[in-house]
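Chains A and B, in that order, are what the protein sequence lines are. If you read the first sequence in the working numbering, its first letter stands for residue 1, the second for the next number, and so on. If you read the second sequence in the working numbering, its first letter stands for residue 1, the second for the next number, and so on.
Derived from the structure by calculation, the hints contain no laboratory data. A few of these clues could be false.
Stated by the list, open to error - Straight-line distance between alpha carbons at most 27 Å, and here's what the computed BS3-like set of lysine-lysine pairs gives:
| # | chain 1 | residue 1 | chain 2 | residue 2 |
| --- | --- | --- | --- | --- |
| 1 | B | Lys14 | A | Lys147 |
| 2 | A | Lys126 | B | Lys6 |
| 3 | B | Lys354 | B | Lys6 |
| 4 | A | Lys147 | B | Lys241 |
| 5 | B | Lys329 | A | Lys147 |
| 6 | B | Lys241 | B | Lys329 |
| 7 | B | Lys90 | B | Lys14 |
| 8 | B | Lys90 | A | Lys147 |
| 9 | A | Lys126 | B | Lys14 |
| 10 | B | Lys356 | A | Lys147 |
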Amino acid sequence: MSYFRAENLSLHFGGLKAVDAVSFAVERGEILSIIGPNGAGKSSIFNLISRIYRPTSGRIFFEDQDITEQPPYDIARLGIARTFQNIELFENATVLSNLLVGRHRHSTTQLWQELLFLPSVRANEKVHRRRVEQVIEFLDLEPYRDKLISGLPYGVRKVIELARALCSEPKLILLDEPSSGLNVEETDDMSFWIRDMKNELGVTVLMVEHDMSLVNRVSDRVIALNYGRVLAMGSPAEVQQHPDVVAAYLGA
Amino acid sequence: MRFLFKTDYEDDIKLFPHSGYLVSYGILLALLLIAPYVLSSYLMSQLVFVCIYATVGVALLILTGFTGQASLGHAAFLAIGAYTAAYLQKYNVPFPVYFLAAGLLTGCIGAMVGFPALRLQGIYLVIATISFALIVEEVLARWESVTNGNEGMRVKTLSLLGVAVPRDSPTFYFLCLAVLVLTIVGTLNLLRSPTGRAFVAIRDSETAARSMGVNVALYKVKSFAISAAITGFAGVLFAHKLSFISPEMFTLQLSIEFIIVILIGGSFSLHGAVLGAIFIVMIDPFLTYLKDDMPGIIAGIAAAFGAGAQEAADVQSRVAAFASLNGLKGAIYGIIIVLFVLFEPLGLYGRWLKIKLFFQLFPLYKRATFKRQKIYVKSERNR
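Sequences are here, hints too, so could you generate the full structure?
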């Protein structure tokens, strides 16, 4: 059985088939990229997995468990974290508290305990903060630690989104265009981090990306989509040479 | 300027970041403790109202400031707390019991209001809470067997462990102060633990909060319940302070006053609730003073500029007529809100922070420090 599996996943908006019977599997510890022209349904697949959209049909499995009907907050609790294409950070909070929200799935304390700030809450807080500091160090975010998000540049925000996802100690991470809006150096950094996430933290990565050089550098396998359908699947080189993919990008 | 070197995770958790805070808050507490033996009885009475309004302000901050759910229904929560106290008091229930009961009942009703609010956002939520407040007002007026209708209810003197605590005694003031301080400490505790961060997350991006594992619906209901419960506690004290309650005390205008408390104080920090409470409690006597003395002063000015006695008297009577217009107070409140939103969006506490930073950085202070950059990339699609 695969680690993560989507079976015949479909999402229809009226007559528009944003995602049309897509099936794929992610193996534990691999980096799988989804590529495709604009409107191919890449982000929609992510939104289906994190339950922002409800699939029209099809099923999703994670660690042999059917998660198609789970509420969105339970998806995160199972260990699937995500980032957003257009950055969804908590604007009026500091970087540190943004990252601490990432720890939410590990919080075990009850409301009345928190009101009194009992020793158990304090001990939990320290654990959370230690993990957050490790992520801050991993992604070189020290200079921004206590800054408000609303004053930070786009490139930094992109990294903070990744950091917030990592703080939840995910088993599977969904990266929605991690390099969009980043310059060449920042994209380089991002590719190293994605590699490190896999090698050092043992996170499985599912990624939507347009930048083919980044895809080539980090991906183990690539899926190409167009009009909500899978065109090709395989190693980066295979997929890029696949005639249907070439046709989709360049026209027949 | 003091630079803090953090060497321990505790440094980010503790309530007083450094010893300076301990000193200043210690002095403040000492001043508040000796206040009843120094201040006049009128000022003491105002101080009690400040405590009650600040407690409600903190409650509203939890809901509106930190969870981002606007409410114009807090007067109704206050009323429920007050009436619960008055009603249970008739059956000789002791103070600690009806105090807790009022908070619990208001909290439960708050949670019930929270459920329909799950599907509403922004202005629609405001309308829903207004309708809730109107329903409560109407129920209080009509449910005569319990609330005594428009005749109102008399609230007996508070009796704490067999000792009578009159509403103008120092003990009553200390009780209100204790409730306020405990509310603030509890809220601070909440804000430095996962629940408080989940509230802030919901305020800034529900989509992101959800995908980080926050059960948005549950936390919104929690926020409503906590906010309502605290307001209920304040309602008990409010009832005792007024010693008489009737439905027309808990109108929309009171809810708006609570919104003013947090808007003017600064809706991002608990300091704001206290500063806003001081503002709203003190503006009333100030307006009364203006109303009483302004006509005379303006007539005096008119006379000084060469107006005849007849004209001056004319001016005086006209200004007096204007000052006693119905709804003028509401209009003034409205103008105050608009001016603050336009020119001081961070409120009084924000202004204090700016002044503090000005002296800390002198002469290098930049006005742009507090300017918020506008962001256009955030998508509203996935709300």
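Checked hints:
no. : hint                : verdict
1   : Lys14/B / Lys147/A  : 19 Å, holds
2   : Lys126/A / Lys6/B   : 14 Å, holds
3   : Lys354/B / Lys6/B   : 24 Å, holds
4   : Lys147/A / Lys241/B : 43 Å, violated
5   : Lys329/B / Lys147/A : 41 Å, violated
6   : Lys241/B / Lys329/B : 23 Å, holds
7   : Lys90/B / Lys14/B   : 44 Å, violated
8   : Lys90/B / Lys147/A  : 54 Å, violated
9   : Lys126/A / Lys14/B  : 12 Å, holds
10  : Lys356/B / Lys147/A : 19 Å, holds
The structure fails to meet hints 4, 5, 7, 8 from the earlier list, while all remaining hints are met.
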